[in-house]
Amino acid sequence: MLGSRDLRRGKAGLSDPRTLFEKIWSTHEVVRRDDGTALLWIDRHLVHEGSFHGFAMLDHSGRTLRRPDLTFAVADHYVPSHPRSQPIADAEAAGLVATLRDNAARHGIAHYGLDSPNQGIVHVIGPELGLTLPGQVLVCGDSHTATHGAFGSLAFGIGASEVAHVLATQSLWQRRPKTLRITVDGTLHRHVAAKDIILAIIAAIGTAGATGHVIEYAGPAIRALGMEARMTICNMSIEAGARAGMVAPDDITFAWISGRPHAPRGADWEAALAVWRALPSDPGAVFDREVRLDAADIAPMVTWGTSPEAALPVTARVPDPDAAPDATARQRIASQLAYMGLEPNTPLDGVAIDRVFIGSCTNARLPDLRAAAAVLKGRAAAIPGLVVAGSVAVKRAAEAEGLDRIFTDAGLTWGEPGCSMCVGMNGDLVAPGARCASTSNRNFEGRQGPGARTHLMSPAMAAVAAITGRITDVRRLA
Amino acid sequence: MTPFTTLAGAVALLDRANIDTDQIIPARFLRKPRSAGYDNFLFHDLLTRENAFPVRPHTAPILVAGDNFGCGSSREGAVYALADAGIRCVIAPSFGDIFASNAAKNGLLTIVLADAPARLGVASLTVDLPAQTIALPDGTLIAFEIDPFRKHCLVEGLDDIGLTLLHGAALAAHEAHLPHWSLPAKG
Numbered sequence: 168m169l170g171s172r173d174l175r176r177g178k179a180g181l182s183d184p185r186t187l188f189e190k191i192w193s194t195h196e197v198v199r200r201d202d203g204t205a206l207l208w209i210d211r212h213l214v215h216e217g218s219f220h221g222f223a224m225l226d227h228s229g230r231t232l233r234r235p236d237l238t239f240a241v242a243d244h245y246v247p248s249h250p251r252s253q254p255i256a257d258a259e260a261a262g263l264v265a266t267l268r269d270n271a272a273r274h275g276i277a278h279y280g281l282d283s284p285n286q287g288i289v290h291v292i293g294p295e296l297g298l299t300l301p302g303q304v305l306v307c308g309d310s311h312t313a314t315h316g317a318f319g320s321l322a323f324g325i326g327a328s329e330v331a332h333v334l335a336t337q338s339l340w341q342r343r344p345k346t347l348r349i350t351v352d353g354t355l356h357r358h359v360a361a362k363d364i365i366l367a368i369i370a371a372i373g374t375a376g377a378t379g380h381v382i383e384y385a386g387p388a389i390r391a392l393g394m395e396a397r398m399t400i401c402n403m404s405i406e407a408g409a410r411a412g413m414v415a416p417d418d419i420t421f422a423w424i425s426g427r428p429h430a431p432r433g434a435d436w437e438a439a440l441a442v443w444r445a446l447p448s449d450p451g452a453v454f455d456r457e458v459r460l461d462a463a464d465i466a467p468m469v470t471w472g473t474s475p476e477a478a479l480p481v482t483a484r485v486p487d488p489d490a491a492p493d494a495t496a497r498q499r500i501a502s503q504l505a506y507m508g509l510e511p512n513t514p515l516d517g518v519a520i521d522r523v524f525i526g527s528c529t530n531a532r533l534p535d536l537r538a539a540a541a542v543l544k545g546r547a548a549a550i551p552g553l554v555v556a557g558s559v560a561v562k563r564a565a566e567a568e569g570l571d572r573i574f575t576d577a578g579l580t581w582g583e584p585g586c587s588m589c590v591g592m593n594g595d596l597v598a599p600g601a602r603c604a605s606t607s608n609r610n611f612e613g614r615q616g617p618g619a620r621t622h623l624m625s626p627a628m629a630a631v632a633a634i635t636g637r638i639t640d641v642r643r644l645a
Numbered sequence: 024m025t026p027f028t029t030l031a032g033a034v035a036l037l038d039r040a041n042i043d044t045d046q047i048i049p050a051r052f053l054r055k056p057r058s059a060g061y062d063n064f065l066f067h068d069l070l071t072r073e074n075a076f077p078v079r080p081h082t083a084p085i086l087v088a089g090d091n092f093g094c095g096s097s098r099e100g101a102v103y104a105l106a107d108a109g110i111r112c113v114i115a116p117s118f119g120d121i122f123a124s125n126a127a128k129n130g131l132l133t134i135v136l137a138d139a140p141a142r143l144g145v146a147s148l149t150v151d152l153p154a155q156t157i158a159l160p161d162g163t164l165i166a167f168e169i170d171p172f173r174k175h176c177l178v179e180g181l182d183d184i185g186l187t188l189l190h191g192a193a194l195a196a197h198e199a200h201l202p203h204w205s206l207p208a209k210g
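Going line by line, the protein sequences match chains Z and R.
Whatever position you read off the first sequence (first residue = 1), add 167 for the working numbering.
Whatever position you read off the second sequence (first residue = 1), add 23 for the working numbering.
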C-alpha cells in the first residue's frame, strides 16, 4: 500500500504527455495500491430517490455522512409527468420521493424536490447548477452519470453499496480503467445530430466495445458541438460499455459554466480557469485504444433491436438472420426481431409507430426540444406522444420560446420534468407490444414497460415519426 | 458480508449475450425494500414470457452466462435478485463494469472466462476462489484470473467502508488541500 502524493505518476516522468483522464485521476488519488487500484476523492455526489438503498446501508452501519456540502439530492426517477398540483397517486412512488426528502433533511443535504425550481433529471440539473466542473470527479447511483464528462470531468455511475461508501467517506476505490480515444473527423450533414453520432459509434464498436475503458471523444466534429450535444454523446458511453466518457473542456465549456449558481466566482473562477485550461490531453499522449470515424459518413440513426448496438442508418433495412455470419449471430438477430415484431429486410423508413417519447437525460435539454419543435411547428401528430423537459429550468425556457405550444398544438402531451418514459418508474409506460419512437438511451426488452418495443433516435427523428406515424428520414420532411 | 471460499453446486446455463440489468430485474421492482427479499423479481419478465427459461430462483447457485452479462443500468437490485435467489457465482466471458463491482460488494463472485457457455455446459461445478480454479464433474480444472483485492475482500467477507476508514489520515490530508474553487459556491 503506497501513499499517492509522491508516486502518483508511476513510471511516467513529469514531462511525459498525459491524457485528460490521467490528469484528473492523478490529482484525485488519495491512496494507491500496488495493483494500481486507487482510493479516489469524490468532488460531487448526486443522489436521487433510487439512492434509498445507499442511505439505508449508511444508517444500518451507524455511520454519518462525511461531506453533506458536496452531496446534492434531486427527485427524478419516480416523479410523475402530470401536473404538480395533483398528488403522486402511486403510494410507493410517493414514499420514495418523501424518503429522499427525509434522508436529505436528516443528513443536511441540499434537496431539490417537486416544488423546487431546480428540480429535474439529475444529469440535467448537475450542469445547470454549476455542480459539474472540469477536472473533477463526480459520481451518482445511475449509469448515465457519464453525461457530466462532457465538461471534462471524470463522471461515472455507481451501485448502492458504492453510494453508501461515498456517503460515508467521500471517496471510492476504483480500478484504473484503460483509455479509448474516439476521434470524429469532418463535419456533420444537416439534420444529423449528436444522438446519431453516438448511435453510430455504438453500432461500430458494440455495446461491450468500451468495457473497462474511459472514452475521450475528440476531433473537429466533437469540438464543433455545443455543451448539450456533447452531453448527449457522453451520456450514452455506458451503452458502449464504458463507465465514463469525456470531452476536453474548451471556451465553449467555460462560457456555458460561467455564472451558474454553484460555479466558482471572482478569484476562484480565475484559479479554476488556470487549472481547466491545462486539462486537455497533451499532444502525443498515448491512449490504450484509438477509434476514428468521419462525421460525413453518419446518417440519421434508428435502432431496430433490443440492444443499443442494433442501430442502423434510417435508410437501411432490418437485418436478415439468414445473412448472419454464424449460428450465434443468427440466433441473436432472430430473437431480437421476434421481440420487436419485425420481419427481416423490412425498410426501417416506413415502420409504423404507435407513440413517441421526447425526453430523458440523453435528449431533454433546450436544443433537443428546439430541434423537435422545428420539425413539428405548424404540423399535427398522427400518434400520441409525450414530451418531457429535462428540468424545470429547461421547461420554463422552452415555454418562454413557445415550444410547449408547438408540441401541444401538434397534439402531444407536455409533461413535468423527470425521467418519465425512458424507464417507466413513474408509471409512464409504453403498452405491451406497442412501438415507441424514443429519444431515450436504452431499447432493452421491457425497458419502457413489459413487452414495449423501443426504437431509439434523435429528437428531430422522433418528431418526424410523430407526424407520419412511421419511422421517417427527417431529411425528407424537414 | 458472507465470506466466499469454495462453492460446489448445480449450474444454470443462460447462453445469451447482453443480458442487461433490466432483464435481470425490471425497473418496477426496484422500489421494493430489500428486507422483503428480491428473489421473486429475478428474470421476472423472461420467466413470464418463456416457459422454458433456463434459470429459476433457488435451483442452482452457479449461473453460466454469455457475453456482457449485467450491462446497462447501475441498479444493485440486479445483484440482490441473484443473491436472494441463491446464486453465489456467475461465470461469463465478460460483464458490465458496474454490475461486476456491485456483485463483489454483496459476496457474489463474478468469474470472467472466455467461451464460458461452451466450456461449462455441465450439471454441476466446484469453484475454489482461494485456488482460483473451476472443477468440472470429470475432474478437469480450469484456472481463472481475478483482481487480487476483489478476491481478498470476497474471501475474507470484508466491509469496504471499514477498510477505507483505515485510511482516514490520507483522506483528511487530501481534504485539507482541496483548492477553494473546487467547492460548490454558495448558490
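You may find that some hints are simply not true.
Said to hold, decoys possible - Pair by pair, the computed Cβ-Cβ distance ranges are:
hint : chain 1 : residue 1 : chain 2 : residue 2 : range
1    : R       : L30       : Z       : T495      : 24 to 34 angstroms
2    : R       : P160      : Z       : D487      : 34 to 44 angstroms
3    : Z       : R444      : R       : A59       : 46 to 56 angstroms
4    : Z       : R643      : R       : A146      : 22 to 32 angstroms
Said to hold, decoys possible - Result set (DSS-like, lysine-lysine): computed pairs, CA atoms no more than 30 angstroms apart in a straight line:
hint : chain 1 : residue 1 : chain 2 : residue 2
5    : Z       : K190      : R       : K55
6    : Z       : K190      : Z       : K345
7    : Z       : K345      : R       : K174
8    : Z       : K345      : R       : K209
No lab work stands behind these hints: they were computed from the structure.
Beta carbons are placed, not taken as given, at the ideal position from N, Cα and C, and that holds for glycine.
- Against the earlier hints, flag every one the structure doesn't satisfy and list their numbers going up. 4, 5, 8
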